[in-house]
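K.L.:
The lines below spell out each chain.
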Amino acid sequence: MKIDRMRGVSLAVMAAVGLGLSACATTGDDSSESSGSSDRAERTPLATGLDASSNRDPFPSTYRGLPRENMAIVGGTVFDGAGRRFENGVVVVTDGRVVAVGDASTAIPAGHRSVDARGRFVTPGIIDTHSHLGVYPSPGVQGMSDGNEATSPNTAQVWAEHSLWPQDPGFNHARAGGITTLQILPGSANLFGGRGVTVRNIPSVTMQGMKMPGAPYGLKMACGENPSRVYGSRNQSPATGMGNMAGYRAAFIAARDYKAKWDKWREDGEGSPPTRNLQNETLVGVLDGSILVQNHCYRADEMAQMVDLSREFGFRITAFHHAIEAYKVAPMLAREGICADMWTGWWGFKMESLDGIEANAALVDAPENGCAVIHSDDAELTQRLNQEAAASLAAGRRIGMDISEERAIRWITLNAARSLGIADQTGSLEAGKRADVVIWSANPFSVYARADQVFVDGGLAFDRMNPAYQPVSDYELGQPGFGLSAANVTQGAR
Amino acid sequence: MRLRTLILAAASVVAIASPALAQELTAITGGRVLTGSSIIENGTVVIQNGRVVSVGSGAAPSGARVIDARGKVVSPGFVAVDSGLGGSEVSSVGGSDDLRNSANSISASFDVSYGLDPWSFTLPVARLGGITRAIVMPSHAGGGGGGHSHDDSDFAGVGHAGLQSPGLFAGQAAIIHLAEGTDILVKPRVAMVAPFGEAGAGIVGGARGAQFTQFKETLAEVRLYARNKAAYDRAGLRELSLSRADLEALIPVANGQMPLIVTVRRAADIQQVLRLAREEGVKVILDGAEEAWLVADQIASAGVPVLLNPISNLPGNLETRAARMQNAAALNAAGVVIAIKGNEGSIHRAREARYNAGNAVSHGLPYEAAIAALTVNPARIFGMTGQFGELRAGAAADVVVWSGDPLEPLSLAETIFVNGQEQAPTSRQFLLRDRYRDGGEGAMPPAYTR
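As given, the protein sequences belong to chains A and B, one line each in that order.
At position 373 of the first sequence (counting the first as 1) the number is 404 in the numbering used here, and the numbers step up by one without a gap.
At position 93 of the second sequence (counting the first as 1) the number is 1075 in the numbering used here, and the numbers step up by one without a gap.
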């Protein structure tokens, strides 16, 4: 591979991928001369793969979306995800996008199929910001456990998408619970666990077929007990909280240095180029803001330290995950614009989870610009994020907080999208966004509500009443019980 | 501050003294009463001296304290099954875990009742979820429901994941109540616990066939010992593989008096366990039983009850490939007596049992069957019918007044009685919540607030 010609993904193609629906699998091996923004005409381009800037998207999305039709979902109670509620509402979907949302007077274009949602509820597709589906799949047996590269405290070089097994049946279960978008993260054994990937929840033979076009990568970082326990037990650093912090700082110093070397080489073109380093490359992506920090962090005091760390090196933290003690620093999180992605009911399984309270999300949501998110981290819980949000809502109401359901639904929709940097794409039913929609059999804050229909980009991905829209993964085929009904319910209906 | 502290201290003394209030004649009126086996609209529940006096639709007796439950729902306190309540504080802190034992000579004889802590901060949290009783079971590898680890760290090689029970038996379960006070034990040694399937096979050497063989051999030794105790004591009996304490503990299992709770998942293993129980005359309770719906009729005809978590629907390992959300509904329809579990060993997340029951309903289980699976069924399975888990005359006055349907996350337990004693509606978590509810950024640090 001593080819000088770069693997030129043109900027135009990149833009198209970013915009979404077009299925751009273009590799353009021999289509164009190098077009990286920093290229200089006089310099010989580096060999393929040695310059990150020559191919910013080496494992590009091939997501196409499911077949779709233009439709208007009418008659249901609509929570639009942005805080509004419409009784007898209308959601108009054209070419896979939301074009209008409103009350019964909303105009419906001619030719749109009418979907009757009377007596039912309509919400944006649910977004799980913390999932290990595909990387810790079912079955969770040895040989399938691909979520933690627990070989070094810094594995920023690994990407969760390279572990993602698309046949994990959990994706189907999650979809039956209304999940249309997920961030798949590496585990939390390491200070830097690696890159997470955001996927569209449609069945696919390949990871690339699910990968959300244009969604930013996340970098999984972890505070606290996990890294210090995992590495301390091996008698290596970090063995303590202070070792954790030293590890982050050393890594960002190395990344700053790496970035400076590349910047200098791009600037003056003198000497040998730096050797590409995937670990530093991910951290440089954090420093330039293109990769979002998704930080597993339980304790309030540790969150405050991480914020200082981010200032020391000049990056932003997008979200604290699990964030058991977020309620102790809720005003600070709101000022910093950092989301807290939380459970409602999990606590007490280790010391740093001791102070978990059910009202966490409600209290984080309270300040102006607060960003409360309910996440799962669990293949069972992801099927019922609406119920987990309901329990948080109940805990807030219990102390007299006046929280509406149309506000609380944001914890699993628009706020979750914000936490993934995709709020311009999905997370609410607003004109121009992807038509990710769930029609619920009842109020989604009820335990009895089931997702009747789930649309991803306007395509019907799951229909509880229609076996033609009840996918089963390859793994599920022919397993014990396959094809049999349990309590008169077929398998695919979940 | 000191004065305020004194006042608070005085208030807490009153709270501690509240068992005296259990004598008070109390009537809960106007609510939708779920008795455990039926539903009474606009019902009246009368309690006194720690017991239910009457359940019906009449007026409150004169002189009674009246709790107006109009628009609310009244239920028995729920019974957590397969629970670790009172036996473990912080899961990852080994020293606080009294549910699992590693000594080879104390297997069947391990008795969780000695390790129970009435002051555990897990109890008020569970109580606020409507839990007033628990069947506390010793734990073992392969227990605890879906087999999911917390926050994805267990795969890093730390935690309980790799441990195995040292003997065939995890030990003996106990029944507790969750009332405030100094003694929560209701009855020790109510059942024996043993893992089967992969976890059980792993104890013996890896293969299921070895475990069944060893199990039968063990029961043969127990019977031999029971017939020849005198000879055993003067060393006149052949050498037995179990300790004397374990042999003693297993006598009621071998003679069919003490139920054996068998944690088992795969349908094929369930069939073998049913056969073993038949051949050996052992009374079994299935626990977990994710694939039970495939053999529901066999379980029903054997009269064997099942403790299950209806939300365990993932093929998390090769024993649970047929797991379905409809497991509870299918077993109930076949006539199996089921009890519904909370999540993750029903300790910190015991309170979620009611949501699990609600999800069973949305997947086909009749509502009244779901309520029964949290109340009368567990009492019946553990031989306590009429004692608790039911609103009927003579039963313990474990009563919860809910703001609405107790299976709904939006409903709250507003008033909770255990043994007729009204429980303070608070927990360590509520104290934390209240300390920070205004943002925690006042002039004085939050530590000055309580």
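Be aware that one or more of the hints could be misleading.
[Stated by the list, open to error] For each label pair, taking beta carbons as the anchor points, the in silico distance ranges come out as:
#	chain 1	residue 1	chain 2	residue 2	range
1	B	Asp1279	A	Ser264	45 to 51 Å
2	A	Ala135	B	Gly1053	30 to 36 Å
3	B	Ala1212	A	Asn519	57 to 63 Å
4	B	Ala1227	A	Asp332	28 to 34 Å
5	B	Ala1406	A	Asp126	15 to 21 Å
6	A	Leu508	B	Asp1279	43 to 49 Å
7	B	Ile1021	A	Pro498	57 to 63 Å
8	B	Val1048	A	Ala135	43 to 49 Å
9	A	Leu508	B	Tyr1349	32 to 38 Å
10	B	Trp1101	A	Ser435	36 to 42 Å
11	B	Gly1040	A	Leu508	57 to 63 Å
12	A	Ser264	B	Ala1217	42 to 48 Å
13	B	Glu1423	A	Leu508	21 to 27 Å
Quick caveat, the hints were computed from the structure, so don't treat them as lab data.
Built from N, CA and C at the ideal position, the CB exists for glycine as well.
K.L.:
Work down the list of hints and note, for each, if the structure agrees.
P.N.:
Do the hints match the structure? See the list:
For the pair B:Asp1279 and A:Ser264, the supplied restraint of 45 to 51 Å holds, since their beta-carbon distance comes to about 49 Å. For A:Ala135 and B:Gly1053, the hinted distance range of 30 to 36 Å is satisfied, since their beta carbons lie about 31 Å from each other. The beta-carbon spacing between B:Ala1212 and A:Asn519, approximately 59 Å, falls within the hinted interval of 57 to 63 Å. One distance hint, 28 to 34 Å for the beta-carbon pair B:Ala1227 and A:Asp332, is violated here, with the actual separation near 47 Å.
At about 58 Å, the CB distance of B:Ala1406 to A:Asp126 disagrees with the hint of 15 to 21 Å. Between A:Leu508 and B:Asp1279 the beta carbons are some 26 Å apart, a value that contradicts the proposed interval 43 to 49 Å. Between B:Ile1021 and A:Pro498, the C-beta spacing of about 35 Å breaks the proposed range 57 to 63 Å. The beta-carbon spacing between B:Val1048 and A:Ala135, approximately 46 Å, falls within the hinted interval of 43 to 49 Å.
Between A:Leu508 and B:Tyr1349 the Cβ separation comes to about 34 Å, which falls inside the hinted range of 32 to 38 Å. Between B:Trp1101 and A:Ser435 the beta carbon distance is about 39 Å. The supplied range of 36 to 42 Å therefore holds. Taking 57 to 63 Å as the suggested C-beta distance range, the pair B:Gly1040 and A:Leu508 conforms, at roughly 59 Å. Between A:Ser264 and B:Ala1217 the CB atoms are about 45 Å apart, so this pair conforms to the stated range of 42 to 48 Å.
Restraint check, B:Glu1423 to A:Leu508: a C-beta distance of roughly 56 Å breaks the suggested window 21 to 27 Å.
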